[in-house]
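Got chain A; can you put chain B on it based on the hints?
Spelled out from the first residue to the last, the chains are:
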Amino acid sequence: MDQTVPALLQHECVVFPEGLHLECGFHLAPVQIAYRTYGTLSAARDNAIVVCHALTGDQYLADTQPLTGKPGWWSRMVGPGLPIDTDRFFVICMNVLGGCMGSTGPRSPRSGAGADGTEPWGTDFPPVTIRDMVRAQKLLVDRFGIQRLFAVVGGSMGGMQVLEWAATYPDMVFAAMPIATSPFHSAQNIAFNEVSRQAIFADPDWHGGRYWERDAVPARGLAVARMMAHITYLSEEALTRKFGRRVRRDPYGDNPLSLFGEMFEVESYLRHQGSSFVHRFDANSYLTITRAMDYFDLGTEHDGDLSRPFHGTRTRFCIVSFSSDWLFPTSQARMLARALNRAAANVSFVEIESDKGHDAFLLDEPDFDRTVRGFLSGAAEHARIG
Amino acid sequence: MRLDQRLIAEMIQPGTRVLDIGSGDGALLDYLFRTRGCDAQGIEIDMQEVTRSVAHGLPVMHGDADHDLAHYPRHAFDYVVLQRTLQAVERPREVLRQMLRIGRHAIVSFPNFGHWQLRLKLLTTGRMPMTAVWNTPWYETPNIHPCTILDFLMLCREEGYVVEEWMAVDEDGERAPWRRSIRLANLFGEQALFLLRRRGG
Chain A
1 MDQTVPALLQ HECVVFPEGL HLECGFHLAP VQIAYRTYGT LSAARDNAIV VCHALTGDQY
61 LADTQPLTGK PGWWSRMVGP GLPIDTDRFF VICMNVLGGC MGSTGPRSPR SGAGADGTEP
121 WGTDFPPVTI RDMVRAQKLL VDRFGIQRLF AVVGGSMGGM QVLEWAATYP DMVFAAMPIA
181 TSPFHSAQNI AFNEVSRQAI FADPDWHGGR YWERDAVPAR GLAVARMMAH ITYLSEEALT
241 RKFGRRVRRD PYGDNPLSLF GEMFEVESYL RHQGSSFVHR FDANSYLTIT RAMDYFDLGT
301 EHDGDLSRPF HGTRTRFCIV SFSSDWLFPT SQARMLARAL NRAAANVSFV EIESDKGHDA
361 FLLDEPDFDR TVRGFLSGAA EHARIG
Chain B
1 MRLDQRLIAE MIQPGTRVLD IGSGDGALLD YLFRTRGCDA QGIEIDMQEV TRSVAHGLPV
61 MHGDADHDLA HYPRHAFDYV VLQRTLQAVE RPREVLRQML RIGRHAIVSF PNFGHWQLRL
121 KLLTTGRMPM TAVWNTPWYE TPNIHPCTIL DFLMLCREEG YVVEEWMAVD EDGERAPWRR
181 SIRLANLFGE QALFLLRRRG G
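Protein chains in written order, with the UniProt record's numbering: chain A, 1 to 386; chain B, 1 to 201.
Okay, chain A solo, but in the shape it has when bound:
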């Protein structure tokens, strides 16, 4: 079974030879950004929405993901007549810096002094932050000649990018929709990421991060990381509803009477999640991006005051949380809402009733769809577009 991610896949990309000065002090050049667009940019270039993807998402927002052949991760939300209506808006989705779907990341050829252009960065890829990701996205937005984004929308790590967009480029963001996210990564969030990373480090196929040299992939470690993380994206209620305590015979087990001869359906589901993930994701990218999330804290430059980054902001915010999300709970969303209140910002804040956990923002939640559609339509009226 071929477990390597095909690196030669052609993504739509722009290369910025001048690169980017990262927050860690390293100058990364060139920087390549892979992206997809949907809809048409208006003549006034005032109808653009940037959608930011989550940890393991990618730029294939509303069309077929080329590796899995599955529909884009938000194809139920983005499209003609859908809540993010591509008949009205021009939607841009970019693979994050550090990612593995065409944007510059640990699997990209190493650049700089002494590099021959064949060896990948691997774990030598410089540590990037959420702000670095956003600054890289701005390069492409500038390239489109867009001076002000109508909206920036994203869930989970995508929501962190939304907040960073609004804090770093306040005049460029008319409306911001951070969904199922937090103004900083909590100790619990960091703890879960650390377990994921340790699973990758513990895989003998990881080879200190230089697995490409051995034609290996730390598939088991990455799969365990994904399995563990996936639990945090669901809720006890959702797991009970989907799987309960139902058991099936292990198709790979020889003896049904042995200790693991039978397996619970939830185990089978998680194994499937883990094994399918390794086909589309790079382990070093996973390490790079989870670390960027861990470093995220909007208050860090302001003595922990989360309102300071937003003082004087004119952006219209809509914060959304989900009642059963225990990874980015409503209490953190409320903390963000209050920080924005302190900055006298224009804030909507909705908690959507759902039993689907953190992943609810990707799933069928009619109240959430109505919220997205309504917030964007209301903001468009204020922005006097379309």
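Because the hints were derived from the structure by calculation, they are not lab data.
Derived CB-CB ranges, DEER-like:
hint, chain 1, residue 1, chain 2, residue 2, range
1, B, M130, A, D87, 49 to 55 Å
2, B, P142, A, E236, 29 to 35 Å
3, A, R76, B, G37, 32 to 38 Å
4, A, F144, B, D46, 40 to 46 Å
5, A, T300, B, I182, 52 to 58 Å
6, B, G37, A, D87, 26 to 32 Å
For every residue, glycine included, the Cβ atom is placed at its ideal position computed from N, Cα and C.
Using the frame of chain A, we list chain B on its own:
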């Protein structure tokens, strides 16, 4: 929109910043934005109403008068509106203080417990009065701090608030004719409506 909301809207200057506490279905917010060009935001305790309002494009956040006003900076708004809710908050005096800290003006409406029907019912039956306005039994009413128009005026005097405008209205929001006399208003007005500011503020 209810008539008393229309009376509130008439008190608000066009193009101002407004916070509506207990914005409900968002009717006042929508009216203020569309007809008066106000930057109007809402706070609402009922999540279904919040979702419905945001789905209609109105800026509303989930929260309540007792816990969420303290987070706004001083004079963040030109007007802070509290409709028919003062009697249901935990600490009415503190809520008023917060309203006049974060807003230059406060607009407060509340049901008047001094209305003659209530006085008569308590006198004749000896039991907690029930009327069209006060329509839940004492053991489950959310109205834990009822007051009369006179009580409210006394509180404004103690706290140093200037009453810029006031009126008594009936339940449907029709203006009562006894607008000039506070004593008569306190007897015949079902709802009271006040526009306040802080002295010197």
